[in-house]
Amino acid sequence: MRSPRAIARSLARSAEASGRRKSPPFRSAMSMLTFYVNRAGKKLSARDRKTLMRAKQELRNIYGRA
1026 MRSPRAIARS
1036 LARSAEASGR
1046 RKSPPFRSAM
1056 SMLTFYVNRA
1066 GKKLSARDRK
1076 TLMRAKQELR
1086 NIYGRA
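In the working numbering, the protein residues as written are 1026 to 1091.
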């Protein structure tokens, strides 16, 4: 996905639907996104990193966080 909003909505939907999570959906979704960014490391292009950072902000907006 290229849209930060689509990425954030997908992660939120996944976190809400998960029966295995041990933390609130926001934290679970943010953890998934952070894990992906960290796992990709230096192989993640600057454009993709920027998109994922924007997805973090969209995720905060979805859950009403500042």
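It is possible that some hints are incorrect.
As the list claims (entries may be wrong) - Simulated restraints on C-beta separations:
no.: 1; residue 1: Ser1048; residue 2: Arg1079; range: 19 to 27 angstroms
no.: 2; residue 1: Gly1089; residue 2: Lys1068; range: 16 to 24 angstroms
no.: 3; residue 1: Lys1068; residue 2: Ala1091; range: 29 to 37 angstroms
no.: 4; residue 1: Arg1085; residue 2: Asn1063; range: 15 to 23 angstroms
Unchecked claim - Below, computed lysine-lysine pairings styled on DSBU-like, alpha-carbon distance capped at 30 angstroms:
no.: 5; residue 1: Lys1081; residue 2: Lys1067
no.: 6; residue 1: Lys1047; residue 2: Lys1075
no.: 7; residue 1: Lys1068; residue 2: Lys1081
Keep in mind the hints are simulated off the structure, nothing from the lab.
None of the values given here were measured: they were computed from a predicted structure.
Think of the CB as a built atom: it goes at the ideal place given N, C-alpha and C, for glycine as much as any other residue.
Okay, the hints, checked on the actual structure:
{"no.": "1", "hint": "Ser1048 / Arg1079: 19 to 27 angstroms", "verdict": "holds, 23 angstroms"}
{"no.": "2", "hint": "Gly1089 / Lys1068: 16 to 24 angstroms", "verdict": "violated, 33 angstroms"}
{"no.": "3", "hint": "Lys1068 / Ala1091: 29 to 37 angstroms", "verdict": "holds, 31 angstroms"}
{"no.": "4", "hint": "Arg1085 / Asn1063: 15 to 23 angstroms", "verdict": "holds, 18 angstroms"}
{"no.": "5", "hint": "Lys1081 / Lys1067", "verdict": "holds, 19 angstroms"}
{"no.": "6", "hint": "Lys1047 / Lys1075", "verdict": "holds, 28 angstroms"}
{"no.": "7", "hint": "Lys1068 / Lys1081", "verdict": "holds, 19 angstroms"}
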